[in-house]
Amino acid sequence: MIIEGVKLMVIGMAIVYVFLIVLMFSVMLSARLFKDSGAGASAGPVTPVKSRRNVTPVIAAAVKAYRTKRAGDSSS
Amino acid sequence: MIIEGVKLMVIGMAIVYVFLIVLMFSVMLSARLFKDSGAGASAGPVTPVKSRRNVTPVIAAAVKAYRTKRAGDSSS
Amino acid sequence: MIIEGVKLMVIGMAIVYVFLIVLMFSVMLSARLFKDSGAGASAGPVTPVKSRRNVTPVIAAAVKAYRTKRAGDSSS
Amino acid sequence: MKRFILIFAILGFSLGMFSGIPDCLGDTVSEVEAAAAEQDRKLASFPQLLNNIATSTGIYGFIAGNASSWTNGLGMFLMIVVGFLLLYLGIAKKFEPLLLVTIAFGCILANIPLAGISDPGGVLYYVYDVGIKTGIFPLLIFMGVGALTDFGPLLANPKTVLLGGAAQFGIFSTLIGALVLARYVPGIDFSLTDAASIGIIGSADGPTSIYISSQLAPRLLGAVSVAAYSYMALVPIIQPPIMKALTSSEERKIRMSQLRPVSKRERIMFPLIALTLCLLFLPSAAPLIGFFAFGNLMRECGVVDRLSDTTRNALINIVTIFLGLGVGSQLLASEVLSLETLGILLLGIVAFCIGTASGVLMAKLMNSFSETKINPLIGSAGVSAVPMAARVSQDIGAREDPQNVLLMHAMGPNVAGVVGSAVAAGVLLAVFQ
Amino acid sequence: MKRFILIFAILGFSLGMFSGIPDCLGDTVSEVEAAAAEQDRKLASFPQLLNNIATSTGIYGFIAGNASSWTNGLGMFLMIVVGFLLLYLGIAKKFEPLLLVTIAFGCILANIPLAGISDPGGVLYYVYDVGIKTGIFPLLIFMGVGALTDFGPLLANPKTVLLGGAAQFGIFSTLIGALVLARYVPGIDFSLTDAASIGIIGSADGPTSIYISSQLAPRLLGAVSVAAYSYMALVPIIQPPIMKALTSSEERKIRMSQLRPVSKRERIMFPLIALTLCLLFLPSAAPLIGFFAFGNLMRECGVVDRLSDTTRNALINIVTIFLGLGVGSQLLASEVLSLETLGILLLGIVAFCIGTASGVLMAKLMNSFSETKINPLIGSAGVSAVPMAARVSQDIGAREDPQNVLLMHAMGPNVAGVVGSAVAAGVLLAVFQ
Amino acid sequence: MKRFILIFAILGFSLGMFSGIPDCLGDTVSEVEAAAAEQDRKLASFPQLLNNIATSTGIYGFIAGNASSWTNGLGMFLMIVVGFLLLYLGIAKKFEPLLLVTIAFGCILANIPLAGISDPGGVLYYVYDVGIKTGIFPLLIFMGVGALTDFGPLLANPKTVLLGGAAQFGIFSTLIGALVLARYVPGIDFSLTDAASIGIIGSADGPTSIYISSQLAPRLLGAVSVAAYSYMALVPIIQPPIMKALTSSEERKIRMSQLRPVSKRERIMFPLIALTLCLLFLPSAAPLIGFFAFGNLMRECGVVDRLSDTTRNALINIVTIFLGLGVGSQLLASEVLSLETLGILLLGIVAFCIGTASGVLMAKLMNSFSETKINPLIGSAGVSAVPMAARVSQDIGAREDPQNVLLMHAMGPNVAGVVGSAVAAGVLLAVFQ
Ligand code: NA
Ligand code: NA
Ligand code: NA
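Residue numbers (my numbering), protein chains in the order written: chain A, 16 to 91; chain B, 16 to 91; chain C, 16 to 91; chain D, -14 to 418; chain E, -14 to 418; chain F, -14 to 418.
Chain A extracted, bound-state conformation (with noise of 0.2 Å):
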């Protein structure tokens, strides 16, 4: 039985290979078809302003809790 996952992984991997390849050609398909330009472009990530909105609480909270850790980390 063991060589129908080796079988798995071979097919599994590729698959996911190649659905990530070709998500990550049209997203930069839709990033060339999609972006905005100059004072109208929301902002990405690291922007201020807009981009704070859209950061996600799970980001925010990912920052928060690795400052405080740091904090506690720094002050132990």
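Hints are computed from structural coordinates only; laboratory data are not their basis. Take these hints with a grain of salt, some might be off.
A short, non-exhaustive set of chain F residues, derived as facing chain A with CB atoms under 7 Å [claimed, not checked]:
1. Pro105
2. Val165
3. Val335
The calculated lysine-lysine pairs, modelled on DSSO-like cross-linking and capped at a C-alpha distance of 27 Å, are [as the list claims (entries may be wrong)]:
4. D/Lys144 / D/Lys79
5. E/Lys249 / D/Lys78
6. D/Lys79 / D/Lys229
7. E/Lys249 / D/Lys79
8. D/Lys144 / C/Lys50
9. D/Lys78 / C/Lys50
10. B/Lys50 / D/Lys79
11. F/Lys349 / F/Lys229
12. F/Lys349 / F/Lys144
13. D/Lys249 / F/Lys79
14. D/Lys118 / F/Lys118
15. F/Lys249 / E/Lys78
16. F/Lys358 / F/Lys238
17. E/Lys238 / E/Lys79
18. D/Lys229 / D/Lys358
19. F/Lys144 / A/Lys50
20. C/Lys50 / F/Lys78
21. D/Lys349 / D/Lys229
22. F/Lys144 / F/Lys249
23. F/Lys238 / F/Lys144
24. F/Lys79 / C/Lys50
25. D/Lys229 / D/Lys144
Quick caveat, the model's predicted, so the values are computed rather than measured. Ideal Cβ positions, reconstructed from N, Cα and C, are used throughout, including at glycine.
The hints should help you fit chains B, C, D, E and F with the ligands onto chain A, whose structure is shown.
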């Protein structure tokens, strides 16, 4: 079968109107019975303070959207 | 059948009290084991700062309602 | 105005034309299809249709239903009146409005003739079937109550847990009372499980009452729930005379020492202790105490605040709406309009009175054994009815001595009453299931 | 880097070793178990497996499905395109996005070949089966809409209730139109109940449309719902030309007197009055009007604010998501891609036009009988489509006279339209159930 | 005090009287009814009743259950201890508390003897049956996670999507490991679908793990879910040594250029692109990717903010509570206490290690092909475990160079890992369904 539709229309509109007319008179009666007078009265939709609390989100949204739209229309 | 009810009462109240007395002693034991001492202690229901956060909405509502009611009673 | 006339003319003409077109034009449709469609086509003749509409009115429903049985006609009308009365009590008198308003609406909707909203296929039937018959809704409410409850006052003064036990005397004495009624009053025929469901009104705890009666005596669910919530709302009227009658002025003036701080870890341990005792000694109470403890643990543990916030807000609110509608849907005329319901209402108030008296007397009993005196007025709070009963204790105490703050002290027996009721409920389930 | 190579070497070696171990080593397992496990073991050969994977792609699904019936192949693809189009309308054009975005997503998911998300056992099947077939979701939305609706403008000027009736003319004339199409267009075969479901698009009320079509003609649910929400979004485009064509400039300039204050008690009484009339005269409308009245009563009674807050926020949002997905899951290629759907879309817009015209004409009719003139522009708001239609009235009025504020006045017929639609829906249910 | 005595006297007297009244007084009841009631009347004799109560305690349940099978007695006790241990890990150690606390409580409730909370008819049974067996709860969680996830960092640097693929190597190598264990360890008997469920632990994604094991191997659901969440919580302990072992100090110091701004339209397109690819190439992953994309689209499209707010707050919280309880209810002693569970725990940690290593190695591989170097520390974030794994990348990077901010860069592979896992899950579903 079309004649059935006409029957339905006659009966349907009749019932809708009977219902709404009875509702109208009931509301008028209710207004006579329960209309507050003087200072204690909870204000209606166009009077200030308390009414503003009572104005539904729907209407508030409508007013706001209308104003936004007008502003947009006049600027364009 | 009434005698069945009496049986139930005797057994029921006995179990209720056995349970609650065991609970009482368990809580006392827990208090001895887990009672914080000194500054680090999270305050109980009548101490300030942190406790106020811990007071349940239910109690807060009760206190508020009681005060409101008293105010109403004394004015009437 | 010209257009106005024009449009109406066109509309009228079109309609006339449509209805005037002879039926024979439809020959494109095959014979078989036509035969099948025939049934569909047979809308009754005009007078017949008017008659059909008339016989589908509620007024006709009341009258025609009455012919078969008065509980299908006048009875339903009376139950709708009862529904409006409960709405009045909930809205104008503020009697436990969260439940009475929703129950009342469920009652009105369920008793509308011909609408069948609580019959199989109707919306309220699904609500009852999915949420109440399974016990899920009362347990979720219990979880929400757990997330709302602060056991601090109880943990600071664990002795008060005993006051929450005394009040359960109301449950069991009412159970006996129900059996007495069943024996001596013709037309009242309560079984042992019925009596247990009626007794549980004395728990003064809504979700416990609903859970127990849904498990032991579903046919009494409506009456038992309404009685429980109504009397909980009436606690400020029912309790004071009993409390005053059983205490002296000196006793009512007893001041209690300020409660000690309670640590976070003690708070976290409490639901775990209660759950452990329950699973070791009384597994039948595990659903009730388990969900209550789960809610309280989420509240106190500090690491799942977003879950406990939702539990005590969106979730408990949503479930309350459906629970109320579902309970109300069981207030059917055919079930409720009987001598038994009167018996339940009578027994319910007896249960509250006995529970109140037992709590006060237990407090006096404890004082005769202990140095640190407790004010017997907090004993009545052991009936549950959180936080109303604790407020009554505070109120009566402040009448004797306006500086005496009993509220926090009364919250101890008050929340203990919830645990005690759950234990008593567990005993009933253990015996009957 | 050394470790890097090492790890990969180990990994590679292990895997090679594992797969190289001969199968005969497994003799510890008993014969019986081995036989049972045999089936499980039969993963196909490598080329076969690749083939299996290839035949499980969506692209293959479209092509292979097409072989049996074009609605199982190209049709599904087209419906996915329709889904993306609806997403575009919802997101870029802001057409009723709350419903169109969710319906669109349900449509896309339901039409993915081989995934079976809306087949029995799939998630969207459960959503449809539990929430829409039973009528629960539209009724909960109606409850939420009740909790969002302020009947103040209607109570301040009860006459406007009549304008909400006129607009229902659109429902019944469209019903007739559907029967006409069914008779004269080959390939369109609407029954009477189908026609009633199509007519209800003219109510311009989403939950009412979904409820009625789920009860009377489930097969048309998807098309009817999408038509209803699409045309509601198009109200600012559909209504103005009709309103202008039917009114003179003087009429459009009519100013209406400021609305009187409405007391809290009047507001509380309104849902109770509506419910009472419904139960006395039209029990078949009781689910719709009952839940609407319940939501509105919770809103106005002031004692269950936490319930009404949840009803108009968390609850209505959750139900909207599932309602949209469930409705979208009925937009199956095999159901929707037919001449009948074109007919429904055509009839839907006719319904909106007739409803709008009827409202305006009724306003003019009322003016010819009454001293206090009403601006006929508010008549068009009687179609429901709250609050879009009222905003259109305001907008057209302000073009003639920028100081004229019609919005509040138009909210009266607008909310009356919701009640009127529910009554019309009740008539249809009474006739056909 | 006088009243006190009086009341007790009356109570005692009444009760004595009631119970003393001879049964013959009940003759008013007809013979038939009496016979019917007889059964109901037969509450056991007092010693028998005490015995019944004693045999309904949990302590007795543990002992008596043990007689039939140790997993029905001591085993349940051990699982309750495991539940308390999980609570400790969740609360005191803050290991993924949202899920571990709820799973732990479900585990405790399900293993209470005699209570039957997870047997048919019990509350947790309904929760499992309705929400988990159908796959609805994990999909709703996935929708909520979609509404919480910002794909900005991934869109700004699309290459990082490849890192999210490498980590899936952990899934498939663990699958092989499970098959190896099944072959060579007596007492462990994993089928291919079992092995696939175990491998999915390596996705480091809770809802995906629950969804796949509920579909492919429900009997392993409890163990697989607990392993997945436990190891996700242990990511800060598991990953760092592997990351350090596979990278040089220079590599860990690589700084990455600031991410470019991402437009709103790119953000809206991303879920649509993912969905389109999924429906074209891998329909079996459509439920997972579909609901994830739906949540993300609601978040980004900007026109349904009230829906996405509810999705990522009230809805995800409510579902989390039920999901946790439902998963915990599958941690039954009879299922979990076996050698296989040990195997699952062992394989789970292997999966995490291989996934971490693969991500780091893939990053190094990409660096050998590309000019713009990426810091290989962000490769480990490809395992999912959002956002813990990204924080670990940041942390290790900052130890070498405190000014190096890798967090945002690591979020790219981190969210790509979620998509990659969903794709891998889709492959498993495509092969086995
Ligand atoms: Na109680
Ligand atoms: Na309408
Ligand atoms: Na992953």
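Consistency of the hints with the structure:
1. Pro105: 34 Å, violated
2. Val165: 6 Å, holds
3. Val335: Since chain A brings no Cβ nearer than about 14 Å to valine 335 of chain F, farther than 7 Å, the hint is violated.
4. D/Lys144 / D/Lys79: 33 Å, violated
5. E/Lys249 / D/Lys78: Within the cut-off at roughly 15 Å; holds.
6. D/Lys79 / D/Lys229: 25 Å, holds
7. E/Lys249 / D/Lys79: Distance ~16 Å between lysine 249 of chain E and lysine 79 of chain D Cα, so the pair holds.
8. D/Lys144 / C/Lys50: 17 Å, holds
9. D/Lys78 / C/Lys50: Violated: lysine 78 of chain D and lysine 50 of chain C sit about 44 Å apart, past 27 Å.
10. B/Lys50 / D/Lys79: Since the Cα atoms of lysine 50 of chain B and lysine 79 of chain D sit roughly 21 Å apart, the hinted pair holds (cutoff 27 Å).
11. F/Lys349 / F/Lys229: 13 Å, holds
12. F/Lys349 / F/Lys144: 13 Å, holds
13. D/Lys249 / F/Lys79: 15 Å, holds
14. D/Lys118 / F/Lys118: 21 Å, holds
15. F/Lys249 / E/Lys78: 15 Å, holds
16. F/Lys358 / F/Lys238: Holds, because 11 Å separates the two Cα atoms, which is no more than 27 Å.
17. E/Lys238 / E/Lys79: Judged against 27 Å, a Cα distance of about 30 Å means the pair is violated.
18. D/Lys229 / D/Lys358: 18 Å, holds
19. F/Lys144 / A/Lys50: 17 Å, holds
20. C/Lys50 / F/Lys78: 20 Å, holds
21. D/Lys349 / D/Lys229: 13 Å, holds
22. F/Lys144 / F/Lys249: Measuring from Cα to Cα gives roughly 20 Å; hence the hint holds.
23. F/Lys238 / F/Lys144: This hinted pair holds, its Cα atoms lying about 20 Å apart.
24. F/Lys79 / C/Lys50: 21 Å, holds
25. D/Lys229 / D/Lys144: At roughly 23 Å apart (the allowed maximum being 27 Å), lysine 144 of chain D and lysine 229 of chain D satisfy the hint.
Against the hints set out earlier in the document, violations occur for numbers 1, 3, 4, 9 and 17.
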